[in-house]
Structures are given as C-alpha cells and as structure tokens.
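Visitor: Produce the complete structure using the sequences and hints provided.
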Amino acid sequence: MKLAFSTLGVPGLPVPEVVRLARAHGYDGVELRAHPEEPLHPGTDARGRAAAAGEFTDAGITLLAVAGYVEVASPAPDDTVLDDLAALVRLAGDVGARYARVFPGGGERPAAEADAVAARRLGAVAPLAADLGVHVLLETHDSHRTGVDAARVLGPVGHPNVGALWDVLHTWLGGEPPSTTYPVLAPHLGYVQVKDVAAVDDLTPVPLGAGVLPLVPCLDVLAEAGWEGWLCWEYERRWHGAAAAFPAVATAGRDYLRSLVG
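Take 1 as the starting number for the sequence shown in our numbering and just add one per residue.
In short, the hints are calculated from the structure, not lab data. All figures in this text were calculated on a predicted structure; none of them were measured in a lab. Glycine included, each C-beta is placed from N, C-alpha and C at the ideal position. Be a bit skeptical, because a hint or two may be false.
When the alpha-carbon atoms are kept at most 20 Å apart in a straight line, the in silico DMTMM-like pairs for lysine to aspartate or glutamate are as follows [as the list claims (entries may be wrong)]: (1) Lys2 with Asp220; (2) Lys2 with Glu224; (3) Lys2 with Asp28; (4) Lys2 with Glu228.
What follows is a set of in silico ranges between Cβ atoms, one per label pair, in the way DEER data are often shown [said to hold, decoys possible]: (5) Thr80 with Ala130: 20 to 26 Å; (6) Pro187 with Pro214: 22 to 28 Å; (7) Gly60 with Glu108: 29 to 35 Å; (8) Ala199 with Asp79: 38 to 44 Å; (9) Gly60 with Asp220: 40 to 46 Å; (10) Ala59 with Glu113: 42 to 48 Å.
Guide: The structure is reproduced here in structure tokens:
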C-alpha cells in the first residue's frame, strides 16, 4: 500500500512546502484540501494550477486527490451543485489528481430522497470525470457515514469514474465494523482515509496508534482482501489547533502505518 497525508493537517501551507513536507517524511502522495482558504481550490487560475501540478511532478510525489466540499445530496439547487461538481472535477483534471472528494450532505432529507438526489448528480458529472481521467469519490461522512449508506448511492450510479472514499472514523462512529464496510465498498473503493482520535466524544486528532480508533481491524480487512491501494492520513488539525503540529508527528505516523501494512 502507498501512503499519503491530507493537507488538513497543515492548513494554508503553500504547495511547494507541502511537497517538501511529503518528501522529508517519506510519503508517496498528498491529498490537497481544495477549500477557498487554501492555496489551491476551484477558483485557482490556470497558472496556479499548472504550477501546482509541476511541483508534484518534479518532486516525484503523487497528487492523489483534491478534497472538495461539494455536498451531492444537499438541498441546494441542482444547477449550483452540478456547477460546483464540474468545477471540482476540472480542477482535479488540471492538476493531475486521480481523485476528487465530495461529501453527501443530505442533512435532514429522508434517506431515500437523499440517495436518489446524490446518485443523479454523481451520474450527471461522471462523463466529464471520465473525459478528464478523474474519479469522483463519495466520502463516508455526515448523512452517509457508513459503507452501507454510501453503497446505496453508488450502486445506482454504476459508473467506473464514481466511487467511494472510506473514512474509517465515520464508519466506526456509525457503528459499522470493517468486515461490513469493506465488502460493500470494495467495488467502488478509491482509497482509504485513516486517522486516530482522543475519544469517541473527543475527536481531537492524536498520533496514529495513540487514540481509541481501532485502525488495526480496518487494515487487517484490507490486507486479507489483498487490497493494494492508498492509505491517506487525515490529521484534522485545521479544526483542533491545540493538537500537535503535523510535521512533529508525520514520520512516526508513516512508520506506524508501515509497521501495520508491511
């Protein structure tokens, strides 16, 4: 398995510094948070996109994904959501990222309605994603935090360029064991986000292996299935400023993951 980290752990860090951080700590790739407060986002101009792509290519570091904030099941108007989806996919294509992350965002909508809306919107953007060589991944999160939830959307889409991002924190919080999550997501799985937290009621990020999230069963399920994809450490320091700085724990986290996956 290859290892990446999310820039959620180093909010606002310029792309050249992100690339240097990846090389310094031995990571194979990076998931770039594509929020307007970050250096790279859907509003970034062509020059900025080309510069970002060049930084990763020159360093031999994979730009694994752009992590966007489009909510595909949200009550927002279709035109707005579809425009935002297209913009995120074009950003991923321009910078050479294989994946573009989206959220469910179904809120209080009835599950069946949220599923249908999300599937329709993801299906609508799938041809553009295919043309650009991008895979749109629905993260297990918020209204669809388990693998079973996400699969209800992805099955009807039925397109190879629309898949799943398994965030192990949310499936755990949703009470879904890895032995259930992996089989239902396997046909759709792009990559896996790993993390660790202080407690079930305190989601402050901690070094991998130091908290309460049962990572080992998740990775065991992947290993037993022979899965050889990407693991991405999402250290959510953006929301928890008192947590240790990511560079201080980055190498130990890499070593911990290597010890588990070989």
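Visitor: Run every hint past the structure and note whether it holds.
Guide: Hints and how they fare:
{"no.": "1", "hint": "Lys2 with Asp220", "verdict": "holds, 15 Å"}
{"no.": "2", "hint": "Lys2 with Glu224", "verdict": "holds, 16 Å"}
{"no.": "3", "hint": "Lys2 with Asp28", "verdict": "holds, 6 Å"}
{"no.": "4", "hint": "Lys2 with Glu228", "verdict": "holds, 8 Å"}
{"no.": "5", "hint": "Thr80 with Ala130: 20 to 26 Å", "verdict": "holds, 23 Å"}
{"no.": "6", "hint": "Pro187 with Pro214: 22 to 28 Å", "verdict": "holds, 24 Å"}
{"no.": "7", "hint": "Gly60 with Glu108: 29 to 35 Å", "verdict": "violated, 46 Å"}
{"no.": "8", "hint": "Ala199 with Asp79: 38 to 44 Å", "verdict": "holds, 42 Å"}
{"no.": "9", "hint": "Gly60 with Asp220: 40 to 46 Å", "verdict": "violated, 30 Å"}
{"no.": "10", "hint": "Ala59 with Glu113: 42 to 48 Å", "verdict": "holds, 45 Å"}
Consistency with the previously given hints fails for numbers 7, 9, ordered from lowest to highest.
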